[in-house]
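Following the hints, complete the assembly by docking chains B and C onto the known chain A.
Protein chains in written order, with our numbering: chain A, 33 to 359; chain B, 9 to 291; chain C, 27 to 341.
Note that these hints are calculated values from the structure, not bench results.
Some hints here could point you the wrong way.
What the hints assert, rightly or not - So, partial list: chain A residues that the calculated Cβ filter (under 10 Å) puts toward chain C: (1) 129; (2) 138; (3) 141; (4) 150; (5) 340.
To be verified - A few chain A residues that don't get close to chain C, going by computed Cβ distances all over 10 Å: (6) 51; (7) 155; (8) 203; (9) 218; (10) 236; (11) 253.
Don't be surprised by glycine CBs; every beta carbon is placed ideally from N, CA and C.
Chain by chain, the residues run as shown.
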Amino acid sequence: MTGAHTTDPILSVNDLVVAVAGRIKIVRGVSFDIAPGEILGLVGESGCGKSMTSLAAMGLLPPAIGVTKGRILLGGTDITRLAPHERVERGCGRIAMIFQEPMTSLNPVLRIGDQIEEAIRVHDPDVVPAVRARELLDMVRIPDAAHQLSAFPHELSGGMRQRVMIAIALACRPSVLIADEPTTALDVTVQRQVLGLIRELCDTLDMGVLFITHDLGVVAQLADRVAVMYAGGLVETGDVVPLFAAPLHPYTAGLMGCLPDPDSDDPLLATIPGSAPRPDEVGDGCPFAPRCPRVADICRRGAVPVRHTDTGQAVRCHFPLNGEAST
Amino acid sequence: MIETIRSSTRLIAARPLVAIGAAFLTLIVTFAVFAPWIAPFGPDAIDPVNRLLPPGGGHLMGTDHFGRDTFSRVVYGSRLALLIGVGVVVFALGTGVPIGVLSALYPKLGRVLMRMVDVLMSFPSLLLALGLIVILGQGVFNAILAIGLIYLTTTARIVYGVALRLRAEPYVEAARSMGAGTWWVVTRHILPNMISPLMVQASFVFAFAQLGAAALDFLGLGAPPDVPSWGNMLAESRIYITRASWLLLWPGLMIVLTAFSLNLVGDWLRDRMDPRFREMVGK
Amino acid sequence: MGRYILHRTGAAIATLIAASIIIFAFIHLIPGDPVYVMLGDGATPDQVAALRQRLGLDEPVIAQYFIWAGNALQGDLGQSVFFDTPVTQVIAEGAETSILLALITMVWIVGFGIPVGVLAAVRQGRWIDQGLSGLAMLLASVPTFWVGLYLILIFAAGLGWFPSSGYPSIFEEGGLSNLRYLVLPSLALAAPNAALILRLTRASMLDVSREDYVRTARAKGIRPSRVVVRHILRNALLAVVSAFGFTFAALISEAVVTETVFALPGVGRTVVQSILRRDYPVIQGVILIIVCLYLVINLLVDLSYRLLDPRVELE
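Chain A with its partners taken away, still in its complex shape (with noise of 0.2 Å):
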């Protein structure tokens, strides 16, 4: 379920599923590919697996839960199932990973320098960590520097500590970047510098970017493609110009038809009606059945196979919205 690209993805996930215990599925067949200096957006309610993906593509799943099919290639080679430590020593870890809270990722006992360089050795045992960490502190654009290395997490602002998690994941190197909710903890004004500041890392450091957000105001400023999570797996993928212009599944227009218009002056804003299956609720069909406005037999019965357009995107839907959302 991929647009169309004219590079080779860095990151490419093929039919990934991801199960608690390895029976209940909570991602099911997920596939995207990232390019260089591409920010993929992916989008979805909370619980509807875009955590897992990514925790899945680190090798960061918690214990008891599982990547049961597909496989994850970071440039090429296999990262499936592989933690972070095993893919250093194998010399593929170039991935890296920044967290929904900047409050409590970072450990509250040793120094914002300390932190970074452990990072830094791991991945660049040829620099000298502390210059290579006031780099980094520069890069992420924190002032004075050589001051905050010997700070602790708790000296600094929610904003300030994103930006040191961003330092700590560009000192392991990544050729893929991997931020999970980033900004959600963060006020409005910060948000915006950080979210700035992600888009000019990926641009000059060639980096793949998988952004993963429930806020669609952010995908559509921030992301080059977006793909569209539900209950496990995805429903519709494209760029984001055309995708947010005219958008295939009808989950995708619901979660539109929730996003505040500005020159409406209803004040009353659409809902999708009723709530996400759980994962153990979920059965062959469309997992959105039970809430679509287009409902019909065939949606309850098989898998739903993908269409594609000639705009690039590609939706998971027999009765695809073609156009009309735009009207």
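For chains B and C alone, kept in the frame of chain A given last:
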């Protein structure tokens, strides 16, 4: 009844050790209630001919230096173990709960009371108990008071912590802002929510009361020497242990298994508790 | 930091004053005339009058407290009625045994409790964790004196590896090899406390390993052993350190029993014997010293905690 059986089967499957612990505690209660029928001899029946007999024959657990039947004394000892345990729990909770709740409700009073609790806690627990024994004199009831005083302090601390947190809960705040009286808040919101932390605390206090009472008995400052308590049995057997090691085994095992079973049950209850209060109880 | 130390020291002194009032009141709470209780019924009126005067019992109660507390501040805890020597001397004689016993016990507790707790946490849910956690709870349920008696039965009476009782000073004949007298007592004393530290270390390791920053550390690609030591253990030990004040108090309580089991000439046994001898000045003196020690150790634990955890404000 069927529901009870069903829930016990579930417990046995999920936490076999807890089930064994519960079974052992049931055994102790049975011993205590039916002691005269279970024990083949009286606890004080002296038989000078059959002194220090090893286990076997007519004496399941052997005899002591007066020829008394160890098994019978162990069975009668359950009575004292239960009495001490229940007594200490009733005293510790009966005083600690009001102190903790009042301190949480009335901050000014609370500062004074909790300060006093802190002072009492600065005495090592056994020394506190020994001091009280010196003042009150030796005896079963006084041992209960002395050990109870130790757990008064810890119970009051825990209750205070839980009550403070409950008092700040939005629904309690709401009830208060709508004019609910203190008594109503305590009986409707604070005490009902405190039942599970208190059950956990009670099982730990019960367990440690066994160890405390045994230590007092061993030092000769607990139950009077003629009372067949497990601690007294150990204290008396001390000089005979090389000749008659079974005298050390049985009463000690009873103390250990009682305390262990209660700790297991307490731990199990704590795991089932509201996670917010879990860290507060049972250190 | 200075202000914090000042504040905490002030609180400790307030607690000490309150505790000293309780310790002082103790002698007046004993039913009957303490002088008769101490001397027995056969005492002559002269003896009674002399002891009464020596203990200062003729003064008003409040004056008595200030005299007693004033003397204590100057290092005078009164005379032992039984030995007729200063209480400080009685305590000093037991100090070596008790301090060495406590130190050796702490070595067992730290050397066994923390590493084994780490092992149990790292192998969480496996049989080794279940076995160790069960063992820890069992040990915490065992009376110290019972463990002590069994150690004597097996390793002293049976195998003859260690002496069963007594302790000659390391400054006397035998020197440091006299420490072998403290091996069994310290093991008995360590058992329940090491079990507590084991459980605490395990629980705290598991709590910390669920923290977001541990995931960050893993994401960096550093070795799992390094994640455990540098990120999990280091933070988990904060909780363990803060429990050492409590452990110390538990040690003192159980040392009273252990010293009696092994007939060690320590401060703990002195307390028990003084109770049986009704030597009240000694009881008061020992308890006062122990409370002081407890408050000082708690203060140190608190301060070291604050030094180890940079989040705590140091003003």
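> Can you name, in rising order, the numbers of the hints this structure does not satisfy?
Replying inline: 5, 7, 8
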